[in-house]
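2 protein chains.
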Amino acid sequence: MFSVVKKSKKSAARLTELKTRHGIIRGPFFMPVATKAAVKNISAEELVVLEPQIILSNTYHLMLAPGTPIIKRAGGLHAFMQWSGPILTDSGGFQVFSLSKFRKITEHGVQFADPSSGTRYLLPPEKSMTVQHELGVDIAMAFDDVIGYPAEYAAVEQAMQRTTRWAKRCIAHKKKIKAKYALFGIVQGGTHKQLRLESARELVKLNFDGYAIGGVAVGEPRNKMKNILNWTVAELPETKPRYLMGLGRPEEIVTAVQHGIDMFDCVIPTREARHGRLYIWKNPSPAPRQARGTLSRKGRGTREGTFYKTINITNAKFAKDFSPINQTNLKQYSKAYLHHLFKTQEPLAMRLATLHNLEFYLTLMADIRKNIQKGLL
Amino acid sequence: MFSVVKKSKKSAARLTELKTRHGIIRGPFFMPVATKAAVKNISAEELVVLEPQIILSNTYHLMLAPGTPIIKRAGGLHAFMQWSGPILTDSGGFQVFSLSKFRKITEHGVQFADPSSGTRYLLPPEKSMTVQHELGVDIAMAFDDVIGYPAEYAAVEQAMQRTTRWAKRCIAHKKKIKAKYALFGIVQGGTHKQLRLESARELVKLNFDGYAIGGVAVGEPRNKMKNILNWTVAELPETKPRYLMGLGRPEEIVTAVQHGIDMFDCVIPTREARHGRLYIWKNPSPAPRQARGTLSRKGRGTREGTFYKTINITNAKFAKDFSPINQTNLKQYSKAYLHHLFKTQEPLAMRLATLHNLEFYLTLMADIRKNIQKGLL
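Residue numbers (our numbering), protein chains in the order written: chain A, 1 to 377; chain B, 1 to 377.
It should be emphasised that the hints constitute simulated quantities derived from the structure, not laboratory data. As the structure is a computational prediction, the values presented were derived from the model and not from experiment. Some hints here could point you the wrong way.
It does not matter which identical chain is used: a pair holds within one copy or between any two.
[To be verified] In silico EDC-like cross-links for lysine to aspartate or glutamate, where the CA-CA straight-line distance does not exceed 16 Å: (1) Lys178 <-> Glu107; (2) Lys282 <-> Glu238; (3) Lys224 <-> Asp209; (4) Lys176 <-> Glu202; (5) Lys331 <-> Glu45; (6) Lys309 <-> Glu251; (7) Lys370 <-> Glu220; (8) Lys19 <-> Glu202; (9) Lys104 <-> Glu272; (10) Lys72 <-> Asp321; (11) Lys205 <-> Glu251; (12) Lys9 <-> Asp114; (13) Lys343 <-> Asp114; (14) Lys205 <-> Glu51; (15) Lys101 <-> Glu220; (16) Lys6 <-> Glu45; (17) Lys374 <-> Glu272.
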């Protein structure tokens, strides 16, 4: 199901292949976020053109609306949203932590309230497994107990150990319901080495199909991420995919790849697009391959600013910038036009910006894979 | 430039051809509204697929943002918005009436304030002609003095007579600036027969390239429209295109075609789509041609309800309706999915609904042309 195709000699980076029922995914890869069964502003047809290999959706959101019975009757999430490639769903652990108005954790599971309707739900690990099974996803995540930053050591330890106990219940329940998805465990433990090591070791014993590093990007200083990566990856088997959840900026992704991470998801490209922030290759050039070559030739790009920049298209200077938005999927439209669409609140603005940023991120991943292949990363 | 290809024996309906620099338009036709250089929620690529023959944009909006200097530098409105088919622009007369916060009319022109910035503008007929010239549109509208309903007879008469005087200035200025667009006059006169007749007769003397019926859909009872149509069309030359501005519902369009109208524009399909209201052929059938045949076979469809219905996709009953949105351009998506997108405020919702309604309106026009050809309308 998973194989490491090539290991870098320069870093812990690796080329991987992950087989799912809906296709093979070559890593390292990035998963655009389709929280509510749609990548915001993007149609199923546009997704096919963008070729993201795999997308991510959310157990929590789909449970609340439209609800799993509807998606089940539609023939599963793939049929419902008309996406025929692989889908990974987060388990809901992070979303009940970050989104619900009310959250009460017991050993049994999490009670939470839908922030819009106030309706209370109970989500034990088993329910999360069943929902992901009913959605028909390719990769399901174990249900974890997520804690914020900062938090008391004892509280972080307690959440991590509960995550381990819930992981066992997830595995048992997956077997019971005969779910066909790959199931990934989520390493917790905050910014504490001892807790990350314990979490990783316990989960590895359970022989998950892959391992994610969770509880990052919850408010901790960004410089702690490298430590968390180093400690955790060292404990994870080479033979299983590694997924850094919810990150990140392009330079963070490059760094994480160099630390041995294979999988990413992040709302940055889509969310920032909606605010008019575009990711742009440095040394803009008429040939996109050349522009991408900036990353290739230097074989690095680990610091912000070495291979890309961001612009805010709503800045006045773009009102008269008649150069194309990019040289690839939006070469027909000028920056001046996109500026105008944002300034006049035309909904097309967000779509074009999203198409641009997703193409940037997916190209970044293709370049990363190319550079590992060439021995540059 | 314009020819009547076939005249119906059953009504005043006719098949027409209008040649423009950006293509030939077969009438009767409908112009989707791209007020601010974009059909709301629709990309240039989607427009090409929808094949609307021609779209409508607005002098008033484009003057305010991005401003004509920008569009001129972009190479004109076609290049700016990446639409290579014909474009008609309204002159701004209706928009300063309906949208501006402040409007002061003198014989020279209209003073108005941008409702968002408060900036004051002066728009004499000559300026409207120049702006439409700089936009590079195919069909420009004369600048008219629009009055609401109800209004005093004397006020309607005054606005109509000013429209005539401004029409002369528009023609003179078009000549002076050597604009290449076709220029259409706009008949005013409210709901008063005598004023409509006078307006039409005076404008016809000026030998415009086409004639529009303006000042409808400004609050007057809908049943007055047939009278206005009858009085006005009788005065217009058969050899020139006739355009009923700002209308309407499907059955109103059919009626107007039967009264000899060739051209339509309306925000109904796009605006109602954004509120989840979809236009649906009656007797839904897997073969769209058959569904359209409902109109064809009966050879009428002039009353609401005879050939279509509207549904509100946000109604609870569509939550579990897994039938396709339509059998044509959105056959891959279920109504349940579109319902979900609306309920969860996914921006894709408005796009899909807009694509559906525009396809309905354009199919309606194609069916109308087919039925005139067959002698059924």
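Hints and how they fare:
1. For a Cα distance limit of 16 Å, the shortest separation of Lys178 from Glu107 qualifies neither inside one copy, at 24 Å, nor across copies, at 81 Å.
2. In this homomeric assembly, Lys282 and Glu238 never come within 16 Å of each other (Cα to Cα): the closest approach is 34 Å inside a single copy and 60 Å across copies.
3. For a Cα distance limit of 16 Å, the shortest separation of Lys224 from Asp209 qualifies neither inside one copy, at 27 Å, nor across copies, at 71 Å.
4. In this homomeric assembly, Lys176 and Glu202 never come within 16 Å of each other (Cα to Cα): the closest approach is 21 Å inside a single copy and 84 Å across copies.
5. Taking the shortest alpha-carbon separations for Lys331 and Glu45, only the inter-copy value of 12 Å comes in at or below 16 Å, while the best intra-copy value is 19 Å.
6. In this assembly of identical chains, the alpha carbons of Lys309 and Glu251 lie at most 16 Å apart only when taken from the same copy (11 Å versus 53 Å across copies).
7. In this homomeric assembly, Lys370 and Glu220 never come within 16 Å of each other (Cα to Cα): the closest approach is 32 Å inside a single copy and 66 Å across copies.
8. In this assembly of identical chains, the alpha carbons of Lys19 and Glu202 never lie at most 16 Å apart, being 25 Å within a copy and 75 Å across copies at closest.
9. For a Cα distance limit of 16 Å, the shortest separation of Lys104 from Glu272 qualifies neither inside one copy, at 32 Å, nor across copies, at 42 Å.
10. Taking identical chains as interchangeable, the C-alpha atoms of Lys72 and Asp321 lie at most 16 Å apart only when they sit on different chains, with a minimum of 13 Å there against 48 Å within one chain.
11. In this assembly of identical chains, Lys205 and Glu251 lie within 16 Å of each other by CA distance neither inside one copy nor across copies; the values are 32 Å within and 70 Å between.
12. Taking identical chains as interchangeable, the C-alpha atoms of Lys9 and Asp114 are never at most 16 Å apart, the minima being 48 Å within one chain and 63 Å between chains.
13. In this assembly of identical chains, Lys343 and Asp114 lie within 16 Å of each other by CA distance solely across copies; the values are 14 Å between and 34 Å within a copy.
14. Taking the shortest alpha-carbon separations for Lys205 and Glu51, neither the intra-copy value of 35 Å nor the inter-copy value of 60 Å comes in at or below 16 Å.
15. In this homomeric assembly, Lys101 and Glu220 never come within 16 Å of each other (Cα to Cα): the closest approach is 22 Å inside a single copy and 50 Å across copies.
16. Proximity of Lys6 and Glu45 under a CA criterion of 16 Å is satisfied in neither setting, with 32 Å inside one chain copy and 40 Å between copies.
17. Proximity of Lys374 and Glu272 under a CA criterion of 16 Å is satisfied in neither setting, with 31 Å inside one chain copy and 54 Å between copies.
Hint check: violations occur at hints 1, 2, 3, 4, 7, 8, 9, 11, 12, 14, 15, 16 and 17; the rest are consistent with the structure.
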